[in-house]
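Protein chains in written order, with our numbering: chain P, 1 to 222; chain D, 223 to 866.
Don't read these hints as lab results, they were simulated from the structure. Some hints could be false.
Partial pick of chain D residues on the chain P-facing surface, computed with a CB cut under 8 Å [as the list claims (entries may be wrong)]:
hint, residue
1, 700
2, 701
3, 705
4, 707
5, 716
6, 720
7, 722
8, 723
Where a beta carbon is used, it is the ideal one built from N, C-alpha and C, also for glycine.
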Amino acid sequence: MSIGVLIVEDEPEFLNRFSQAVRSDANLHLLGAVASGTEAMALLNDVAPDVMLVDLGLPDIDGVQLIRHVAARYPGTDVLVVTMFGDDEHVLASIEAGATGYLLKDTSIARIVASICEIRAGGSPISPTIARRVLTRFRAGPAATVPALNSAPATAIEASPLSVRETDILRLVSKGLSCAEVGEHLSISSHTVVTHVKNIYRKLAVHSRGEAIFEAGQLGLL
Amino acid sequence: MPTVRSRWRVALAALVFLCAVPRAALAGPLTLTEAGMVLSDAPTVPHDDAPWQRVALPDLERRPQPGRSGAAAWYRIDFELPAGGAGATPWAVYLPYFYDGAQLFLNGEPLVRIRGSDERVRVRWVRPHLVTIPEPLLRPGRNELHVRAALPEGRALQFPALSIGTADDLQPLYDRRLFWQRTLPQTAVVLSALMAAFILYVWWRRRQEVLYGLLGLAVLLWGVRTLPFVFEQVPMNLWTLWRAAFFAALAGFAVVMALFALRFAGLRLRWLESGLWAYWAIGPAAMWAGGPGAEPWVDRIWGAGLIPIGLMILLLVAWSAWQQRTWQAWTLLGALGLVLIAGVHDYTMVSNVAWATRLAPVWLGHRVYLLQLAANVLLLVMAAILTSRFVQSLNTVEDLNQTLEQRVADRERQLANQFDAMAQLERDRAAEAERQRIMLDMHDGLGSQLFTSLSRVERGAMAQSDVAELLRRCIAEMRLALDVLAPSDDDFRSAFGNFRYRWEAQLGAAGVHSTWSIDAADETLQVPAHQRLQLLRVLQEALTNVVKHAHARSVQVRVASDPQGLRFEVRDDGIGLRPDHAHAGRGLHNMHARAHRLGAELSITDASPGVCLVLQLGAATALAQMALRTPAAAAPLQSPRSSP
């Protein structure tokens, strides 16, 4: 079964490059390659991509908004955010919006294909900085702060939606261990590690949605 | 009944009334102002044929006949029992004062004996006397009361105008006089002792407050002076001492008050103070030397000297009141005036000054001592003044403390503000320095690479693959900078992990297997952000060389802490160093320059197979010192590909 890919990228150079990468692999087929958010939204009414590559700097719609839209409407679609430097601020915002992976713009064509296949296989990449940031986000979230009124130090961790295993993975990755080493450390395969990472990303998206609702409730918007 | 002869006598009578001295005299009881008197030693009532003479009562100047001593005076007082007899309540005789011993007879029968002085005890009664008359002794109609009064030695006998009436009528008179003339002085003595102890204690703790010391002394002396109102019987052998003490206390009180007034007026006249003390010593000394016989002289002559002292006190206080215009000074003046008036009053009363006796015979006949009442008022006023001074000084201290606290708080706030400003300045400076470092880094690194490359591309001296390679380097450099300078990450382990995360993939793609290890505790891995960037750039250069030139199959990256500090090692299994290789030479130069900026030692050795690069970073303190070194002073970086 081939993987349907939709590419949203306003820069023709990279649009071509990603399209070329998708076309180069028999397991992937290109459902569309568009340069704006509106076009992407329109196309989404007709096609249901398995993987969507989204650039954040779109001319019409904020890439993060588009990601949020897709994640809410098409839960079966994996969103890979395209970033220049993999700087955690952008990546984290995308993950919170619902992306489950990210691609660097200078990634080689072979690596692009591999990344698409990996995310479809259920695994997500994670860098130490992002792991650290994700950990922080969960600790600082509303789910943690509200019961923290009971003020047991363990409460914050208990209140976190992450499992113990997931927390361990994040902690080890943030310490600079590779996925393979984390797997060794926890006696699981590296494939299991990246699956955990994908789950973590999903939880972060849900978590931040809950946080948004919580904050809206606090502001009297709901 | 007293004969009221003029208006001011009415006024005096009113004063008498107010002072609650026998006011009932006009109503029920008979006050007897006439008596028969005969000087006689007879132990029983003298016959009617004795040389009785009529005297008016009070008889205040009764002395023995010249040349005779130890004699007594007999008084005979007639009174009529009203028609209807004595009635239900018993009758009594009231003597408002009777300082010496006496025997009372009614209708020839002994009634009572008031103890007098003898060889062992000297008596001076301050209390009034109320003698109840047994019913059977009274006769209807005319009755005769005889009093045998012992004539005191050295002074005159004072025989009061006594009252006869029902005990119910006389009791209040007795009670009142007892209260004013005896109970009150007794209370004053006790209070004086307590007050003196308290005030002198305050003074003992605060010697510089001389006014407290003087007040304490005055109160103490006044207490001593009032003792005769408490002890009416004194052993004969102590009598002289007793009187000497009385005069010493009285004059001492006046002298201390004078000193108080001088200090109060802010005057320090040593000669006057010495003179006052000298005068004070005369009276008691004369008493001591002259014995009881000296007392009248001391009382009249030396005692009279106290009046000018009192006047001086009054003038001094009046002067200070005029100067200070405070309620304290005016009140003190008022109280002193009262004391002076009372003193003069008592003096004239005791001395039987002729004109005064003529002026107010009734009032002086009651012999009410006023000085001890007025002095109590004066002492209370003085205590109030000093208390108010005490409270005032406490308030001043409190105000002072508050002002001080306020000032300290202000200064603290100022300091805090200054500190904040300094901290802000420091932060700004640090941020400025950081910006400079980043700018310099971009200028020397990325900038110079881009400029030289542009020049080479323009003259067609760069192959496409070289340009791609160059751009990759630039991107990698930027990425590294972004990673390391990200504000959220302040941990070397995490930065190194990111570095590894990127390079592991890159090395893998280039077919180089990499192994990474960190063998250092967290606390030894404290590397500031800007040093982190330089450090990782050196490693990046090294790994780039491995990928590009080494033809290696594997590379080991190790971080370890040792006593010298942190040690970074990159060891590959490639072809080793080629001294003739120009590109590698430029790369090496850059690495050395960065190592120099870090204050680190860099060694690159041929390990055959491959190359071993070791970067040795000093201990944390050395690192911190290096951080202060300005980047401008360091060697400039060169583009690794500045020439073909």
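Hint-by-hint comparison with the structure:
1. Annotation: interface hint on residue 700 of chain D holds; nearest CB of chain P at approximately 7 Å, less than 8 Å.
2. For residue 701 of chain D, the interface hint holds, since its Cβ comes within 8 Å of a Cβ in chain P; the closest pair sits about 5 Å apart.
3. At a threshold of 8 Å, the smallest CB-CB gap from residue 705 of chain D to chain P is about 7 Å, leaving the interface hint in force.
4. Interface hint status for residue 707 of chain D: violated, as the beta-carbon distance to the closest one in chain P is roughly 10 Å, over 8 Å.
5. Contact between residue 716 of chain D and chain P, as hinted, is supported at the beta carbon level, the nearest pair being about 5 Å apart and thus within 8 Å.
6. Annotation: interface hint on residue 720 of chain D holds; nearest CB of chain P at approximately 5 Å, less than 8 Å.
7. Interface hint at residue 722 of chain D: satisfied, since its Cβ lies 6 Å from the closest Cβ of chain P, which is below the 8 Å cut-off.
8. For the restraint placing residue 723 of chain D at the interface with chain P, the shortest Cβ-Cβ distance is roughly 5 Å, inside the 8 Å limit, so the hint holds.
Violation of the numbered hints given earlier is confined to hint 4; every other hint is satisfied by the structure.
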